[in-house]
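Take each chain as given, in its own frame, and dock them per the hints.
Spelled out from the first residue to the last, the chains are:
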Amino acid sequence: MNLDIRMPMGLMFLLIGAILTVFGLATNCDPIYAEHSLGYNVNLIWGLVIFAIGAILVFLARRATKAQAA
Amino acid sequence: MEIKLQAVDYVILCVYFLFVIGIGWALRKYVKTGTDFFLSGRAIPAWVCGLAFISANLGAQEVIGMAASGAKYGIMTSHFYWVGAIPAMAFVGIFMMPFYYGSKARSVPEYLKLRYDEKTRGFNAISFAVMTVFSSGISMYALASLFKILLGWNFHFSIVLSAVIVLIYIFLGGLTSAIYNEVLQFFLIVLGLLPLVLLGLKDIGGWDQLVLKLNEVAIGNGYAAGTWTDSWAHTGSPANNPMGVEWFGVVMGLGFVLSFGYWCTDFLVVQRAMAANSMAAARRTPLIAAIPKMLFPALVILPGMIAIAMHVQSKGTFLPVENGQPNYNMAIFAMLGHYFPQGMLGLGLTALMASFMSGMAGNVTAFNTVWTYDIYQGYIRPGQSDKHYLTMGHIATVGGILLSVGCAYLATRFNNIMDFLQLVFAFVNAPLFATFMLGMFWRRATGHGAFFGLLSGTVAAALHHGLTLPKDCVVGIKGGWLGSMHTYPSEMAQNFWTAIFAWTTCFVITILISLATRANKTDEELKGLVYSLTPRIKDPDTPWYKQPAMLGLIVVGAAVVLNVIFW
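Here the protein sequences come in this chain order: C and P.
First residue of the first sequence? That's 996 in our numbering, and the numbers climb one at a time after it.
First residue of the second sequence? That's 110 in our numbering, and the numbers climb one at a time after it.
Calculated from the structure, these hints are not laboratory results.
Treat the hints loosely; a few may be bogus.
Stated by the list, open to error - Beta-carbon label-pair distances, calculated as ranges:
hint: 1; chain 1: C; residue 1: 1054; chain 2: P; residue 2: 357; range: 47 to 57 Å
hint: 2; chain 1: C; residue 1: 1054; chain 2: P; residue 2: 511; range: 38 to 48 Å
hint: 3; chain 1: C; residue 1: 1040; chain 2: P; residue 2: 325; range: 27 to 37 Å
hint: 4; chain 1: P; residue 1: 496; chain 2: C; residue 2: 1013; range: 38 to 48 Å
hint: 5; chain 1: P; residue 1: 585; chain 2: C; residue 2: 1023; range: 54 to 64 Å
hint: 6; chain 1: P; residue 1: 649; chain 2: C; residue 2: 1065; range: 21 to 31 Å
hint: 7; chain 1: P; residue 1: 586; chain 2: C; residue 2: 1057; range: 48 to 58 Å
hint: 8; chain 1: P; residue 1: 277; chain 2: C; residue 2: 1023; range: 35 to 45 Å
hint: 9; chain 1: C; residue 1: 997; chain 2: P; residue 2: 576; range: 47 to 57 Å
hint: 10; chain 1: C; residue 1: 1057; chain 2: P; residue 2: 328; range: 52 to 62 Å
hint: 11; chain 1: C; residue 1: 1057; chain 2: P; residue 2: 137; range: 16 to 26 Å
hint: 12; chain 1: P; residue 1: 156; chain 2: C; residue 2: 1013; range: 25 to 35 Å
hint: 13; chain 1: C; residue 1: 1023; chain 2: P; residue 2: 586; range: 51 to 61 Å
A virtual CB, placed ideally from N, CA and C, is assigned to each residue, including glycine.
Next up, chain P with everything else stripped away, as it sits in the complex (with noise of 0.2 Å):
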């Protein structure tokens, strides 16, 4: 499959990038500390906040794979949003932003320093350090190999220049760079999805005629008419579904563990939100996200599910063909090669890059931070002035990028050992929320007991993964390797439960050796860090819409009402 660009959609694209840069360039006079540097000076409207939010979130893997997901799952997909996203947002704006914000800590891993202690922070700091630039290199070798398939572009070329207009951009503004770039992103994918999905509707004769032809996809795969176009009426046996998936594992998993351990604690999001003008400003900032995210649905997944409906309507000639299936993952590009012409073609690629850039300099910024506030400041070079943190924020800056250009190059070699490093982060998080939940609400947490906790949840997600295996798979990176006791129907409901045992060893195991221990922080200390030692946030002149409560009631409400309508 090839796209076939013009001069005016490299034209767009140039536009783009000189904005980009543009941004940065304007920004760069009022970076003057670290906190402007790393923290945007705390100075961001919530609606800018908010849009970042969501934007960081949603990379260019992200908007493919969703697609790709629409057409080999169908609506199920959307439990992603509806169920592993909204409810987990409301709760951090509502709930932790609050200790978050107001601690002052500049950084989530600093946040368990100041709740816990330096162990707890180190273990999270260093690994959310390597996994940041790890992904970064990852998604982008993903997205220059698929540049060359596409478009034909070099690989070196995509590689040095998306690397080189993120370094300008973030090196001479910061966070803020970041941050106004994802909210360029977030209008540049709105704006090119948009057309291609009501164009597709068009064409395949609206929503009623989506769901016959995805009837028949259904019945051609094996399972009963519906199952592409109904999000939970097949969720009561795995075998059901195409995901493979019940609906305990897709709640507790997914919606619970797996949802609120990445919203609630993961610095790349959370650091949007750190950089808002006040505290209101910072627990409104998931909200206003809220709303957007339970909408895009409707531009990331349905775009795969009607290009599922056209590869059936035409024979199977829509999509490219692999070894007898269809190659999902190109379900965007075969919809935005069929419908757009050039010209919207440009946009449309603009919006894939600007989603791809802006997740990029999503981790650089996490990166820069964390390296420079919890590992450089905290055990390398502490007590030195803002202005030396500040030039070792720039250096960061371009050594992750070099060594996220590194991993892109590593992935090109060693694929296996990508797979596998993935495989450990994904140990390694699985346990935080327990963490943050029990730090946050529970006083009598201790540090040995977190730091404990997390360890033991992180093996016991090593070992729940290699004591179980999907069906149809070999022993290996997708489990077992340590003798097969249970199978599961899926990778996505193996995943799930490696979550839910992580999760609940973390919670168990801090419980137990918190009772066991001494508390190490007097309630003093602990004063705006945990829930019951913190004074409520009162603020009666706040109009009712304006009220994260009240924000968080509406939109968990409206997620609630959409799982209905697509029951």
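Looking at chain C on its own, in the form it has when it is part of the complex (with noise of 0.2 Å):
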């Protein structure tokens, strides 16, 4: 196998938690958003954390495309 799932899966979350962290920072202070979530600014919290699982996921790729070439 050649291509590592794990790259484009942790560059798709990258981009997926950046886009609901932006836009969870822009309508922090529309009421309408958190209202839905129990008041929680849930674009934000979860944006934060989807990105985070794709940056783990770009480093297990590249660090095992590494051990590879070593």
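So, in structure tokens, the structure goes:
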């Protein structure tokens, strides 16, 4: 197998996480959004979680590539 | 009920589409041979196969359906996981995978040809191929109809969009594309549904409050308190629980016949393990899959339970109401619309879209393999080059998707035909596990025995269905078309018992005919296909936590513990 699935998957979650985070920040002052989710800015919080997961996946994929090359 | 999306939601959905197609594009240069296209070159690591193994089973219809059952029946729905999946997944990994993977069969029907004979394989291959095309067509229809109601999307647009995207990525990357997108779907489902469950639980005041609310639901429906939150306590009699089933039907019908029939013989899931990069990885595939599988009820059933509790708390406004009954199928969407603002809504929707598309892709990849290797190579053009069959695989991908689209449109006009076909498939599937079990563990089972056993099992299923009727149902598609000899408390109970009858008939007839006919394969030919004639796999170097038997013990043990906790 030549393509490590963790790389594209990680990149996708980095991007989706970033979109949610930015959207969460931009709408932080708009109560309509937080009203849905018990007052939490869930876009911001979960956007950061997804971003972190994306980062971990990319890190693991890069580490595996390096280990293979070495 | 309608869900309003904003630009941000569409952006997230588009990001997903782009990556899905991008993965197919990146994989295209690795697809050079038939093995690459149909079996991922047998080069996928165990954890990837494992996640694909459960995702292939978790289509959008299952996500929606499990939440609906969670609302309608409560935690008893978990029987479809802790009873109806985990033991069978452990069994296929420990006992059956050595024969599937070790025989180098390229598909489940091909195993039947090696083990039994041509006619048994043909019966299985043709019914399976037709079935996959129909089921992907039906789920396409279901989803497009749903998106029309919920999001106001054009029906034709939904069909064409999903068909084209799935076509592109399978055409380019073959099975590897499908498997990779199933892994992607797994992560999306977890990330999309977990915050929903957390917010819902928090809103209702935690598990203890949920139990109290669900007691109200149970009493309101005329059952004992706790019926929605105990998985076994109310299965002494079918009258005591909303599923209308008793423990024996659950254990034998669901836990044994239906579950083993699906997880151990359905090529859609088994194909994921066959793509693994080694025998050890193939055996670990279903066992790795079993771990998230047993936690999934928290993600797919619990939202339904929260939804019905909220429905009662909100005095019947949380779920849309039809004819005085809450519309359970809307449970997951009511939750999404209630707890997610735009942004997260896009993520939740993307997760559902992903589970729908990967479910469809699973059907398409299983179809193109069975069509090309078992039907085309078997009966139409044998003895061609690998390149020839690879081209056929590409054509079959296009053809399979076109046929699915055709079925989706057929479903819009002739819903009864679809119901009827699904019923016929259920009859064909019910006895299958008896054939495989005898094939793998009894070397005396013969080709004639298997074929006529399967046939009589299918007929027995049809007869049982024709002679019985669930309570409060009219004669016809629900049964009783040969006269009603017995009334079941529910449709589910009837299904379980249809399966039990079909399996038993197939089991007995296969043994009788096998004993009456001469063995059609020599012991030498059956080596690697039958348990007693295959050398045991020994690898003392594998650490204990990677050994299939150990892993199997752990997952089955954990499933038992879960059953006890939620007894």
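(request) List, from low to high, the hint numbers that the structure doesn't satisfy. (result) none
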